[in-house]
Amino acid sequence: MNPKEIIESGESEITEFKTSLAEWRDVVETVSAFSNRSGGRVFIGVADNCDIIGVDIGKNTIEKLANQIKQNTDPVTYPSIRVEEIGGKQGKQVIVVDVEESKPKPVLAFGRAVIRVGKSNQKLGYEGIRNLALQTSRVYWDERICEGVGLADIDKEKVRRYLERREEIRKVSKPEKMNIETLLLNIGAAKSINGETKPTNAGILFFGKNPQRFVLQSQLRTARFAGRTLTRDFLDRLDCSGVLWEMVEQAEDFVRKNIRLFGFRTEYSFQRIDKLEYPIKAVREAIINALIHRNYSEPADTRVAIFDDRIEIISPGSFPKGVTPEKPKHVPVNPVLCQLMYDIGLIEKYGSGIYMINELCDEWGIPRPEYELSEVETAVSFRSGGKAIVIGEIEKTGVELNERQKKALQYVLEKGFITNRSYQELNDVGKKTAYLELSGLIEKGLLLSTGKGRSVRYVARF
Numbered sequence: 073m074n075p076k077e078i079i080e081s082g083e084s085e086i087t088e089f090k091t092s093l094a095e096w097r098d099v100v101e102t103v104s105a106f107s108n109r110s111g112g113r114v115f116i117g118v119a120d121n122c123d124i125i126g127v128d129i130g131k132n133t134i135e136k137l138a139n140q141i142k143q144n145t146d147p148v149t150y151p152s153i154r155v156e157e158i159g160g161k162q163g164k165q166v167i168v169v170d171v172e173e174s175k176p177k178p179v180l181a182f183g184r185a186v187i188r189v190g191k192s193n194q195k196l197g198y199e200g201i202r203n204l205a206l207q208t209s210r211v212y213w214d215e216r217i218c219e220g221v222g223l224a225d226i227d228k229e230k231v232r233r234y235l236e237r238r239e240e241i242r243k244v245s246k247p248e249k250m251n252i253e254t255l256l257l258n259i260g261a262a263k264s265i266n267g268e269t270k271p272t273n274a275g276i277l278f279f280g281k282n283p284q285r286f287v288l289q290s291q292l293r294t295a296r297f298a299g300r301t302l303t304r305d306f307l308d309r310l311d312c313s314g315v316l317w318e319m320v321e322q323a324e325d326f327v328r329k330n331i332r333l334f335g336f337r338t339e340y341s342f343q344r345i346d347k348l349e350y351p352i353k354a355v356r357e358a359i360i361n362a363l364i365h366r367n368y369s370e371p372a373d374t375r376v377a378i379f380d381d382r383i384e385i386i387s388p389g390s391f392p393k394g395v396t397p398e399k400p401k402h403v404p405v406n407p408v409l410c411q412l413m414y415d416i417g418l419i420e421k422y423g424s425g426i427y428m429i430n431e432l433c434d435e436w437g438i439p440r441p442e443y444e445l446s447e448v449e450t451a452v453s454f455r456s457g458g459k460a461i462v463i464g465e466i467e468k469t470g471v472e473l474n475e476r477q478k479k480a481l482q483y484v485l486e487k488g489f490i491t492n493r494s495y496q497e498l499n500d501v502g503k504k505t506a507y508l509e510l511s512g513l514i515e516k517g518l519l520l521s522t523g524k525g526r527s528v529r530y531v532a533r534f
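All residue numbers for the sequence shown refer to our numbering, where the first residue is 73 and numbers rise by one.
A hint or two may mislead.
Derived pair list, reagent style PhoX-like, types lysine-lysine, alpha-carbon separation capped at 20 Å [to be verified]:
1) K353 <-> K329
2) K195 <-> K393
3) K228 <-> K270
4) K478 <-> K504
5) K516 <-> K479
6) K142 <-> K131
7) K142 <-> K164
8) K246 <-> K230
9) K270 <-> K281
10) K270 <-> K230
11) K228 <-> K263
12) K142 <-> K175
13) K249 <-> K228
14) K516 <-> K504
15) K230 <-> K249
16) K516 <-> K478
17) K191 <-> K76
18) K281 <-> K230
19) K195 <-> K228
20) K175 <-> K393
Listed next, with one range per pair, are the computed distances between beta-carbon atoms [to be verified]:
21) E240 <-> Y427: 50 to 58 Å
22) R304 <-> L333: 39 to 47 Å
23) Q291 <-> N430: 23 to 31 Å
24) D380 <-> N282: 29 to 37 Å
25) S521 <-> D346: 41 to 49 Å
26) G183 <-> K399: 55 to 63 Å
What the hints contain is simulated information worked out from the structure, not anything from laboratory work. Being a predicted model, the structure only gives us computed values, none of them experimental. All C-beta atoms, glycine included, are put in the ideal place defined by N, C-alpha and C.
Hey, can you work out the whole structure from these sequences and the hints?
In structure tokens form, the structure reads like this:
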């Protein structure tokens, strides 16, 4: 895209607008933030709403800006700075600062470390700075030796189950004679240090007898709250423990137990049709993503919180650089854990998880999940479709409903009941039409009338 097209696209994780050179300190900070992420571009002379204001370019303008960036970044950063005429010769002049990703990280601005998250720059704390430095050295957390752990802490039965599952799913034959040390070394679950084999963090999280003893933050906390806000009132809770795939199973069972099951019958279906409030497969995929893509250097747990209107899955750390919920890519934060989960069929390797989650939510009739990203954590929220998801299932059974009847069913689902007068007002029809169409919903087994005379109410039978 040319500069004008980029500006029209608005600010993003790689694009920032500044109205004038008076904001040079913000420019320096953004250069630091882009350097610590995947690079980006600063346009000076453009408003937040994408209006091109332009800047006056003097003899030493570019040199002065370059010096301001050089003098206030550490390590010193030398971005490309140029002037663009937006709109041809009669257009306005805009300064464009092109920033590349820095190899040594973090890059400080005015002695502080910042990083680009979404459309904003966020200050990095001690852990964030430490994590950036680790990224530079290319040592992944799951590849490191797990401190205080030996081969005696590995559960051979879990290794056996892994091999059986890998053979079943990926058609990789089990070794005839299993040597635990050799196997763990081959799959990245252990490393040899001075002739001694030590389990890695991935090894203990996947095959450990008691992973939480050594990696306390690997615990998965789940809770069902009363209402729609985070309170101290739990209706149910479970602290999942064990290896990763065991915690996935525990969390899935907990979610099933704590979400609603909608059921109904129609005149065309003698069997009861049941449908869970959320697509379990999508929620399960999000939980798996939270466990394998999280930042284990952070001391916080992964959490699953169930409310009346949503499920939230929160994990420490943000998306990898260059990856967004809108454009997911396979960039593993913990590559060994990803490979092991792939081996047993819990994930695929193509960055398809988010696409699959979206498709499942579309099919289920609930909104696609919302993502809230920060430097500290990632939150994924599934919004409940309520009983409204049932209407789509009703139509699949062959029941024919006109648009007025669909609106009436939605009204009942939201309000709890409907009256003849309410039906008239909702659909702008007369009393007789309302009566006939409400009676039709009763005949189809969808509504039930209660009361007599003017007190008649129609309630859902599902």
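Tested hints:
1. K353 <-> K329: Holds, at roughly 14 Å.
2. K195 <-> K393: Distance of about 16 Å is within 20 Å: holds.
3. K228 <-> K270: Between K228 and K270 the Cα gap is close to 15 Å, so the pair holds against 20 Å.
4. K478 <-> K504: holds (18 Å)
5. K516 <-> K479: OK: K516 and K479 at ~16 Å, within 20 Å.
6. K142 <-> K131: holds (19 Å)
7. K142 <-> K164: Between K142 and K164 the Cα gap is close to 27 Å, so the pair fails against 20 Å, i.e. violated.
8. K246 <-> K230: Since the Cα atoms of K246 and K230 sit roughly 14 Å apart, the hinted pair holds (cutoff 20 Å).
9. K270 <-> K281: holds (15 Å)
10. K270 <-> K230: holds (17 Å)
11. K228 <-> K263: Within the cut-off at roughly 17 Å; holds.
12. K142 <-> K175: holds (17 Å)
13. K249 <-> K228: holds (13 Å)
14. K516 <-> K504: Given that 20 Å is the threshold and the Cα spacing comes to 18 Å, the pair holds.
15. K230 <-> K249: holds (16 Å)
16. K516 <-> K478: holds (13 Å)
17. K191 <-> K76: The given pair, whose Cα atoms are some 19 Å apart, holds under the 20 Å limit.
18. K281 <-> K230: holds (9 Å)
19. K195 <-> K228: It is violated: about 44 Å lies between the C-alpha atoms, which goes past 20 Å.
20. K175 <-> K393: Satisfied, since the Cα-Cα distance of roughly 13 Å is no more than 20 Å.
21. E240 <-> Y427: 50 to 58 Å: For E240 and Y427 the Cβ distance comes to about 25 Å; the hint is violated.
22. R304 <-> L333: 39 to 47 Å: Once the Cβ atoms are compared, 27 Å apart, the range 39 to 47 Å for L333 and R304 is violated.
23. Q291 <-> N430: 23 to 31 Å: The hinted range 23 to 31 Å holds for Q291 and N430, with Cβ atoms some 29 Å apart.
24. D380 <-> N282: 29 to 37 Å: holds (35 Å)
25. S521 <-> D346: 41 to 49 Å: Violated: the Cβ-Cβ distance is about 25 Å, outside 41 to 49 Å.
26. G183 <-> K399: 55 to 63 Å: With a Cβ separation near 33 Å, G183 and K399 fall outside 55 to 63 Å, so the hint is violated.
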